[in-house]
Amino acid sequence: MVDADDRRRPPGSRFIWPLLALPGTVWIAVLFVAPLYVVVAILFGGTDPILREPVPVWNPADWDFTQFTYVWDHIVGSNPFFRPALIRTVVYVGIASFVCLVIAYPVAYFTARFAGRWKGVLLAALIAPFWISYMMRMLAWVNLLQTDGLVNKTLSAGGLFDVHVDWLQGHAFTVVAGLVYGYVPYMILPLYAGLDRAPARMLEAARDLGASRWETFRRVTWPLSRSAVMVSLLVTALPMLGDYFTNDLLSGSPSTSMIGNLINNSVLTPGQTGQAGAFILMILIVSIIPMVLYVRSTRSGADVMS
Amino acid sequence: MLKGALAAGVAAPTLSAFLAACGTKTKAGATVKIPSPTNPVTWPLSKANQAIDSGLTPKPGSTLRIYNYADYVSPRFLKDFEAKYGVKIRLSTFNDADEALTKVASKDLKFDLYFPSYDSLGKLVGADLLRPLNHDYLTNYDNLWPSFHDPWYDRGARYTIPYTIYTTGIGWRTDMVDTDIPSLGNPYDVLWDTKYAGNMAILDDWHTAMSMVLLRNHVANINSTKQSDLDMIRTQLLDLRQTMRPKVTISMYTDMPAGQYGLCQMWSGDAINTPYYLPKNVDPSVMRYWFPQDGKGEIDNDLVVCLAQGENPVAAHVFLNEILDNDVAAKNFGFTGYQPPLNKFTPSKLVADGYLPKTLATAVVEPSDFKTGYPLLQLPPASDSAWHEVWQEFKAGG
Chain A
6 MVDADDRRRP PGSRFIWPLL ALPGTVWIAV LFVAPLYVVV AILFGGTDPI
56 LREPVPVWNP ADWDFTQFTY VWDHIVGSNP FFRPALIRTV VYVGIASFVC
106 LVIAYPVAYF TARFAGRWKG VLLAALIAPF WISYMMRMLA WVNLLQTDGL
156 VNKTLSAGGL FDVHVDWLQG HAFTVVAGLV YGYVPYMILP LYAGLDRAPA
206 RMLEAARDLG ASRWETFRRV TWPLSRSAVM VSLLVTALPM LGDYFTNDLL
256 SGSPSTSMIG NLINNSVLTP GQTGQAGAFI LMILIVSIIP MVLYVRSTRS
306 GADVMS
Chain B
167 MLKGALAAGV AAPTLSAFLA ACGTKTKAGA TVKIPSPTNP VTWPLSKANQ
217 AIDSGLTPKP GSTLRIYNYA DYVSPRFLKD FEAKYGVKIR LSTFNDADEA
267 LTKVASKDLK FDLYFPSYDS LGKLVGADLL RPLNHDYLTN YDNLWPSFHD
317 PWYDRGARYT IPYTIYTTGI GWRTDMVDTD IPSLGNPYDV LWDTKYAGNM
367 AILDDWHTAM SMVLLRNHVA NINSTKQSDL DMIRTQLLDL RQTMRPKVTI
417 SMYTDMPAGQ YGLCQMWSGD AINTPYYLPK NVDPSVMRYW FPQDGKGEID
467 NDLVVCLAQG ENPVAAHVFL NEILDNDVAA KNFGFTGYQP PLNKFTPSKL
517 VADGYLPKTL ATAVVEPSDF KTGYPLLQLP PASDSAWHEV WQEFKAGG
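For the record, the sequence lines run as chains A and B. Counting in the numbering used here, the first sequence runs from 6 upward without gaps. Counting in the numbering used here, the second sequence runs from 167 upward without gaps.
A portion of the hints provided could be inaccurate.
Stated by the list, open to error - Derived Cβ-Cβ restraints for the label pairs, each shown as a range:
1. B:ALA236 - A:VAL240: 30 to 38 Å
2. A:LEU165 - B:ALA552: 48 to 56 Å
3. A:PHE222 - B:LEU257: 49 to 57 Å
4. A:ARG142 - B:THR401: 33 to 41 Å
5. A:ARG88 - B:PRO203: 39 to 47 Å
6. A:THR74 - B:THR401: 20 to 28 Å
7. B:HIS384 - A:LEU144: 38 to 46 Å
8. A:LEU144 - B:ALA249: 28 to 36 Å
9. A:ARG88 - B:ALA236: 30 to 38 Å
Said to hold, decoys possible - The list that follows gives simulated cross-link-like pairs (lysine-lysine, PhoX-like), each with its CA atoms no further than 25 Å apart:
10. B:LYS250 - B:LYS276
11. B:LYS225 - B:LYS276
12. A:LYS158 - B:LYS361
13. B:LYS213 - B:LYS199
14. A:LYS158 - B:LYS446
15. B:LYS462 - B:LYS537
Said to hold, decoys possible - So, partial list: chain A residues that the calculated Cβ filter (under 10 Å) puts toward chain B:
16. ILE55
17. GLU58
18. ARG88
19. HIS176
20. THR261
Hints were generated in silico from the structure; no laboratory data involved. Here a beta-carbon is modelled for each residue, glycine too, at the ideal position from N, C-alpha and C.
Turn these sequences into a full structure, and let the hints steer you where they fit.
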């Protein structure tokens, strides 16, 4: 029995959508599922007795949970020495994302609404940081922030004050500032894209109906930009979660270690490589939660639109 | 949903079978010899990796892949070598021995030469990663100090040539640290002096950093396998982290001249190199280095080995021989600050010859230092693991 919808479809159309999905599916299988399985096989695998290198175990029936248990015990057990780094990561990423938003939103708003003919120039300026590698930008800050660097020289006002702030000596402030500086361009662009698409006639309608500028922003602009804010928070917070070299370059102190540093240290230490897999799984699980929230929020937005 | 789970269930074994076909390495039951000055080792010659034939020349246009610490070989020498032999050099760098060993063990990077310390040697030979040397190519070998002709860590020098010698002590800047460190009853205590909190660094090398705690507590066996010693290391390292906020790095030779901190645990070669990186308006005499006057401190030498995974072993041998050349060694010493154990570089003359300022004379390594000093040795696997766990806890931050 063929229903009315099927009769209306042109012949062969049932293969078009799966075919279109094929490249994406292959991409995800090769570049996400397979690497993730390798990570899991190393996490639950063994260790070479001489070099203490990881020996992946591909068969789940043979998996050994020692490395995972070790990590878990040192997060929730009696000697939870991994826990502070996890808490620090959440706090640093939370603060840095918030500060990024506070900086990025007005910039994106201005560019989308008021830049006029300067919009192209401003956009180019916003993209400019991407032309320089993240590491180079951080290294530049190392020079600026060192004890006899330009920042301290400026603060000392040409020698009037004796300023010797040790910015690079394990300060949370420096690491968070580095994260903000490094990732703020990633937040501006999706915010700009979202704000630029907001229909101007709705804003005009709000003003025509007597809403003040603040009311217009609060009741129209902000709700319209909420999904763009969510996307930009995701785009910046997720890479920050795995970041390790901002801390390495701007602090180098264990007192500001983040989960990315734990992963990096474990990967490069013979006998501990599997533990990196446990941390990676944690980041993955933590990242999935906001992803699900985002998908749910966009779906409900689509429902409202329809 | 059920259909998806079923598909995933089918896919997992298929994927695992595919990945298993990519290869898994196990060497269960393998044992590792641990050399020490009192237990010299003659390594067996590899059956899988043969020494190269004599009389060959490097193939022009070929690539020589070198794996080394950053800034640990003169770029001018590399350029000269490329020009002289028509070989292209590709230099990759690592931060510490653990990272290096992890990448060398993968065998995928095809490195021809690697610069390890002798505490990695047992693992490298045990895992059959090395190619035995053909000494016919090493015509400069006699330039070495006699004590390095037949070293305890590799009798007959079957796999290694020595590259540099160095001690590990304390470096500081007199314009940033006002304590007279050599005059202290226990100079290591300065690294725990809260007056310098936020103004100091320790080496990002687990064994070197941890053994410094043992030396502070007058434990001569810096390769101790005793649990009580390890507990002491843990307590004092965590205390150091808590009270001193140390930077953990190997970039002291650039960081300290740049004024990032004034006090650090330091390798002597880095100390010798610091004046080169100082701003022009700073007097080089502010840089100082302390090593126990009685020689009872940490002393080591780094090596160069030829990796079996390399595809250019002839050029690798020629490179090794060049490293032992007096003029090349002078170039490398001038650039890295690390002293080569060659007869030409008489320790007593290094200051007079202008290789380093008088105020850093304490960084010169004397042959006698190897009789009194303590080398870092490879640890038995269980102890190695236990030491690494303490280091991991330290680096995770509190």
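Hint check:
The given range of 30 to 38 Å is respected by ALA236 (chain B) and VAL240 (chain A), whose C-beta atoms sit roughly 33 Å from each other. At roughly 54 Å, the beta-carbon separation of LEU165 (chain A) and ALA552 (chain B) lies within the given 48 to 56 Å, and the hint holds. Between PHE222 (chain A) and LEU257 (chain B) the Cβ separation comes to about 56 Å, which falls inside the hinted range of 49 to 57 Å. Range check, ARG142 (chain A) to THR401 (chain B): about 39 Å between beta-carbon atoms, so the 33 to 41 Å window is met.
A hinted range of 39 to 47 Å holds for the C-beta pair ARG88 (chain A) and PRO203 (chain B), which are about 42 Å apart. Take THR74 (chain A) and THR401 (chain B): their Cβ atoms lie about 25 Å apart, and the range 20 to 28 Å holds. Taking 38 to 46 Å as the suggested C-beta distance range, the pair HIS384 (chain B) and LEU144 (chain A) conforms, at roughly 41 Å. At about 31 Å, the beta-carbon gap between LEU144 (chain A) and ALA249 (chain B) stays in the expected band of 28 to 36 Å.
A beta carbon spacing of about 33 Å between ARG88 (chain A) and ALA236 (chain B) agrees with the range 30 to 38 Å that was offered as a hint. Between LYS250 (chain B) and LYS276 (chain B) the CA atoms are separated by roughly 23 Å; this keeps the pair inside 25 Å, and the hint holds. Only pairs whose Cα atoms come within 25 Å are accepted, and LYS225 (chain B) paired with LYS276 (chain B) is accepted, the gap being roughly 17 Å. In summary, the hint linking LYS158 (chain A) to LYS361 (chain B) is supported, as the alpha carbons are separated by about 23 Å, within the 25 Å threshold.
Simply put, LYS213 (chain B) and LYS199 (chain B) have alpha-carbon atoms about 17 Å apart, close enough for the 25 Å limit, and the pair holds. Proximity of LYS158 (chain A) to LYS446 (chain B) is assessed by CA-CA distance (about 17 Å); at most 25 Å being required, the pair is judged to hold. Between LYS462 (chain B) and LYS537 (chain B), the direct Cα distance comes to roughly 9 Å. Compliance with the 25 Å bound is thereby established for this hinted pair. The beta carbon of ILE55 (chain A) comes within 4 Å of a beta carbon in chain B, closer than 10 Å, and the hint placing it at the interface holds.
Because the smallest distance between the Cβ of GLU58 (chain A) and any Cβ of chain B comes to about 5 Å, under 10 Å, the interface hint for this residue holds. Here the hint on ARG88 (chain A) is kept, as its CB sits about 9 Å from the closest CB of chain B, short of 10 Å. With a least beta-carbon distance of about 8 Å to chain B, the hint placing HIS176 (chain A) at the interface is held under the 10 Å criterion. Hint status for THR261 (chain A) relative to chain B: holds, with the closest Cβ pair at about 7 Å, below 10 Å.
When the structure is compared with the earlier hints, no violation turns up for any of them.
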